[in-house]
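As they're listed, the protein sequences go chains D and C.
The opening residue of the first sequence carries number 36 in this note's numbering; numbering runs sequentially from there.
The opening residue of the second sequence carries number 36 in this note's numbering; numbering runs sequentially from there.
Just so you know, these hints were derived from the structure itself, not from any lab.
From a predicted model like this one, the values you see are computed outputs, not experimental measurements.
Honestly, I wouldn't trust all of these hints.
Note that identical chains are pooled: a pair holds if it fits in a single copy or bridges any two copies.
[To be verified] With a Cα cut of at most 27 Å, we get these calculated BS3-like pairs of lysine-lysine: (1) 496 - 112; (2) 496 - 414; (3) 299 - 112; (4) 414 - 299; (5) 496 - 299; (6) 414 - 112.
2 protein chains.
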Amino acid sequence: MLTALTTDLYQLTMAQVYYRRGLHERPAQFDHFFRSYPDYGSHQAGYCVAAGLEAFVGFVADTAFTDDDIAYLSSLKGRSGSALFAADFLRWLRSMSFTDGITIEAVLEGRVVHANAPMTVVTGPLATAQILETALLNQINYATLIATKASRMVDSARGRPVLEFGLRRGATGAGDVGARAALIGGAEFTSNVSAARDAEVEPKGTHAHSLVQAMMALGEGERGAFQAYADVYPDDCVLLVDTIDTLESGVPNAIEVFEDLRSKGHEPVGIRLDSGDLAYLAVRSARMLDDAGFEGASIVLSGGLDEMSIWQILTQIDREAARYGLDPVALVDRLTFGVGTSLITSEGDPALDGVYKLVAISDGSAWQPAIKISENPMKVPNPGRKALHRLYDNRGIATADVMSLEGEVADDPMVLRHPIEATLLRSVSPDSLSGREVLLEVVVDEGDVRAEFPGVDELRKRRERDLDRLDEGVRRLVNPHIYHVSLSERLWDLKQALVASPS
Amino acid sequence: MLTALTTDLYQLTMAQVYYRRGLHERPAQFDHFFRSYPDYGSHQAGYCVAAGLEAFVGFVADTAFTDDDIAYLSSLKGRSGSALFAADFLRWLRSMSFTDGITIEAVLEGRVVHANAPMTVVTGPLATAQILETALLNQINYATLIATKASRMVDSARGRPVLEFGLRRGATGAGDVGARAALIGGAEFTSNVSAARDAEVEPKGTHAHSLVQAMMALGEGERGAFQAYADVYPDDCVLLVDTIDTLESGVPNAIEVFEDLRSKGHEPVGIRLDSGDLAYLAVRSARMLDDAGFEGASIVLSGGLDEMSIWQILTQIDREAARYGLDPVALVDRLTFGVGTSLITSEGDPALDGVYKLVAISDGSAWQPAIKISENPMKVPNPGRKALHRLYDNRGIATADVMSLEGEVADDPMVLRHPIEATLLRSVSPDSLSGREVLLEVVVDEGDVRAEFPGVDELRKRRERDLDRLDEGVRRLVNPHIYHVSLSERLWDLKQALVASPS
């Protein structure tokens, strides 16, 4: 989908500078991480779910500058009218492969990831690793953003299925990536046929208002529309009941059709509500369905849903169901949530602020840590080649992600430093831990793709396992507890030394 | 980019119902329109800029269900285990073309468009036109959203160039579409090489912090990094000056390199500021550049910009420049604005609420208007086959977009009805108008692509012409005046009759 020219021009102008200086194949390391969790305004994420790695590794393995690409680049002119890119540099660009000497370590897709800890580490020739920046960020930032949003919705939905159907409102061409990310984040289905095929899940969907409108305009009414649908899908009959009036027309007409189906030996599946007070209408519709003998009929809710409105709907049902003689738990067990716009766009915070920063470069014989000084201390990257571990406490709950220097042996007790606040540190004794897990795995080793990329089902399980080991306070939808991402004492010392004397 | 399976499953399940009922080739009309202008929270759009039509028409002309697509669809099972789609329906799907009998009228790309007036009208066989919904919305909603956001930024930037560089933060695979839409909306350049090639504009970009970091880690410092860049691009030298400290290090180092360039007969281009108080730093940097004899050096501002921060920066420069002995107008004339995240994601409102509604269907001999009743009156579509005109007042300013019945002759005076509020109407005499323009043009005529799709330059001119004819109150960034989108008296009467008796 992406090509070698799916990049920012400055990657190529910088690469030419490195080439001209003979630095283009100098080993360098870039860390990819996001600086802050998505903040949706009235609610905030306390964790993210990694996604997009398989696509990025596929890009690295399969993409190259083509003759056409090179011809285009050679046509670009600077202000003086001379060629922007010289012929020798373009020959190198044509000859290079994105896998040449490239090693990629990453936290695997589906895993919970945290702000300011590396998600992806790219090591290799300076120019190549630099050019990879845009493709990496374009592929991992968005997928992680959407997997995270989906994870919150699924968490909010108390285990009931979440159905992704944002294709019409997502960015053009991003629908399949967005749907796959939603599935990784825990969505159970998607309406997007292409994405469902690729992810090997069933696509889902029934009918829209237009079916009812068409039959109404042709004189068959809502009842006729429902009947036409039921005739074709007698065992998969979900009817959209809000075209005219949900309780006065839609549900009664649906019940008539359901009775007809049952008389013919078929069991109707349920109804969909797409407008109005969804909690109230779910309760009232459930009551009507129950009274007609369709206690098993499911109720799909859709229309502007996100994690907060799902939470609100379930809370309202908890309170309101009993008034109509319904068990709220049983009612919730009949629900499915269809989410569109807010999921595919990560409404409230439509971009993950993932960045890709040079952290080390070889001087020809040894790695030199690199740093960027910023007026904003949180924007100072953590320098050098690092290890990343997740510590689990004696309850088996993740308590910190810790960056340390490559090859560093953990102190006893370990001192965990806040990345920038000198006074914030804690001491952790090995006795208080149940595990210390290496988070970064080698997925490309000097150009060889090492990782196997499992299907969506396995990625969903990874997310579930990590969520089970996440503090409830970090999981909560609003004002989550801030998970500790820490530096080892030695990494802290290196960072301070570089900040004091950057060049 | 999109395939025939880039669709929601329900389009296909509905199509099969129509097929089974013999209605699949029944003429139908769907209107595409957005219900509300983007609302970014603290600021709101008063108009949108149409984009995405060329891509959609390309999809219609070039896409079909392939054998692989049909094989996949034939593999889908319902709950009973039998095939979801029957063989005869799939044969029809394989044999149909998206152009068969399809006519598309649309407001052309680059034009100003308004809420609740049709942007795109698709007429043709019911099943075909239904299936086109998802592709249309996916392609036109996003492009229009981004063209609109770009237009606001360009308007805010007082004619100074806006450079799009959001590829890393946009949705995966949507970067080229987003960049093209930004260009249609008035952005002058993009950093996205692929998008620039396709749109036939120059890609732009210089270097990132990583160049400075790499050279610092190798002992050459910021000055060495700047020198390395200037050596390769002596006539295109824009230096990013905020890696260490903008005023203490970056600008002085840049000036040294600029002096060196000038001594060798080259004229430096300028600097880029990417962090900190951009207005203050622009003023201080301009003062330093002027004092060093680089009055012509341009200043690129970037880092979290949107239309509001551009406005704020220019306002602050207006006030602050004189304190440093600078003419604010001359300083603003040196600026370029680089915008990333907020443009490519339409931050604040990441989706256009464009919908595609059945408005008419043939009963076999005559068109029947279709309506959907909704609890929200603004969600009741305007029924039937309609004309759409833009009225210009005697100043040449657009005063209303008016929907009327097909073939209706305008009354004198015309009564313009608010779409839902019975008490809101105005009377317009032909004397008070300078023009009445047909907005919808036939771009596909019974399957023949009629439209020529001009390049981005021409689309930008269309936008400029329309903005020149837009009321300043409608253009303003915050709390814009609501442009009138009206119904003719006869269309109003039809809508009332259908609402009263929908089926």
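Hints, one by one, checked against the model:
Only between protomers do residue 496 and residue 112 lie at most 27 Å apart by alpha-carbon distance; the minimum there is 25 Å, versus 51 Å within a single protomer. In the homo-oligomer, the alpha carbons of residue 496 and residue 414 never lie at most 27 Å apart, since the shortest distance is 33 Å inside one protomer and 40 Å across protomers. Within a single copy, residue 299 and residue 112 get their C-alpha atoms only as close as 73 Å, which misses the 27 Å cut-off; across copies the closest is 20 Å, which meets it. Taking identical chains as interchangeable, the C-alpha atoms of residue 414 and residue 299 are never at most 27 Å apart, the minima being 66 Å within one chain and 37 Å between chains.
Taking the closest pair of Cα atoms, residue 496 and residue 299 never come within 27 Å of each other, the shortest separation being 40 Å inside a single copy and 63 Å across copies. Proximity of residue 414 and residue 112 under a CA criterion of 27 Å is satisfied in neither setting, with 34 Å inside one chain copy and 51 Å between copies.
Hint check: violations occur at hints 2, 4, 5, 6; the rest are consistent with the structure.
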